[in-house]
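Visitor: These are the residues of each chain, in order.
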Amino acid sequence: MRTAQRLVPVLLLVSAAMFAYAPYAISAAPRESTMGLIQKIFYFHVPAAATAMFSAFVCGGASGAYLWRRRPMADHLAVAAAELVVVFGLIVLVTGPLWARKAWGVWWQWEVRLTITLVMWLVFVAYLLLRRFGGPGSDVLAAAVGLFGAVLVPFVYWSVNVWRTLHPPTTVAINLPPEMMHPFLLSMCAFLLFGTALTIVRVRLERARATLEDAWLAVED
Amino acid sequence: MRRRAGAPRRWRISLVAAVLALGPATLWARQQGMVPFQGQQETVSAPPLVAAAYAFVWVALIAYVFLLWRRIGRVEHELADVRSKIEGRKPR
Chain A
7 MRTAQRLVPV
17 LLLVSAAMFA
27 YAPYAISAAP
37 RESTMGLIQK
47 IFYFHVPAAA
57 TAMFSAFVCG
67 GASGAYLWRR
77 RPMADHLAVA
87 AAELVVVFGL
97 IVLVTGPLWA
107 RKAWGVWWQW
117 EVRLTITLVM
127 WLVFVAYLLL
137 RRFGGPGSDV
147 LAAAVGLFGA
157 VLVPFVYWSV
167 NVWRTLHPPT
177 TVAINLPPEM
187 MHPFLLSMCA
197 FLLFGTALTI
207 VRVRLERARA
217 TLEDAWLAVE
227 D
Chain B
1481 MRRRAGAPRR
1491 WRISLVAAVL
1501 ALGPATLWAR
1511 QQGMVPFQGQ
1521 QETVSAPPLV
1531 AAAYAFVWVA
1541 LIAYVFLLWR
1551 RIGRVEHELA
1561 DVRSKIEGRK
1571 PR
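Taken in sequence, the protein lines are chains A and B. To convert a position in the first sequence, counted from 1, into the numbering used here, add 6. To convert a position in the second sequence, counted from 1, into the numbering used here, add 1480.
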């Protein structure tokens, strides 16, 4: 954990530099031929989605480890990752409709990808509400919820390939031309590094809270 | 010959149903009225949507970092207070 904490300033500095440069790289990238300017939202929308899905996997894995071994560190990591799923998921759910309004003519469509992403986001909101208001024993129940939320991630990812709907398939990002791929990869790295730094910091907060609880118990004794 | 008791009631129900069906049908006809195209400009503009998307991302991330920093500060401050209380109670 100490090694991870030492990495935080480095991760924050590198991701901040990438975020500072990203607007220039994105504005220099060519406009997409059918969507035009609105397609530029892609360079933040997709990396935010990737960060949210990665965090969901981390939460699911940590929740599984907590259910198996009941290690406090696993629980702290699960809470931290769940919070990041909610934050980055919210970014996806706001930037997506802003893009859709111009590209599809509607703010929202109850098609597979959008609906299942919303459901996954709500599952992790439920995780946080459970931890906040669930009382004793909510850590175990929330871990089960976190595991369930992580299982939804492959459905979110592959839904657009299985059911051909309005949302572009996953092959779009893989087959970008170089002038679009460079700003996309820059943005993706920035989001993932920033997400990693936030996870480490958030785990530190959970550890501090657990230590505080133990300290209060020691005072009462 | 006795009139069937339900007949006038059935007529009334049918009449009400017809009026209720006619209302939305009339409304639909008005909404679907033919209006000639007069060369209106595109109503949905891309730049405000792109600006709103990027602004939201920046605001959300900065707000989260700020809230996280405050929460950590509060907990660590409280932890320092509690630790000093525990230290104060230890026999010298």
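Derived by calculation from the structure, the hints in this document are not laboratory data. Just to be clear, a hint being listed does not mean it is correct.
[To be verified] Selected chain A positions facing chain B (in silico; Cβ < 8 Å):
(1) Ala22
(2) Leu43
(3) Ile44
(4) Phe50
(5) Arg77
(6) Val100
(7) Trp110
(8) Arg170
(9) Leu223
(10) Ala224
Ideal Cβ placement from N, Cα and C applies to all residues, glycine included.
Visitor: Now, for every hint given, state plainly whether the structure supports it.
Guide: Status of each hint after checking the structure:
1. Ala22: Result: violated, 10 Å to nearest chain B Cβ.
2. Leu43: This hint holds: Leu43(A) lies near chain B, its Cβ roughly 4 Å from the closest one there, short of 8 Å.
3. Ile44: It holds, given that the least Cβ distance between Ile44(A) and chain B is near 4 Å, below 8 Å.
4. Phe50: Check passed: Cβ of Phe50(A) comes within 5 Å of chain B, closer than 8 Å.
5. Arg77: Constraint on Arg77(A) not satisfied, violated at 21 Å.
6. Val100: holds (5 Å)
7. Trp110: violated (10 Å)
8. Arg170: Since chain B brings no Cβ nearer than about 25 Å to Arg170(A), farther than 8 Å, the hint is violated.
9. Leu223: violated (10 Å)
10. Ala224: holds (6 Å)
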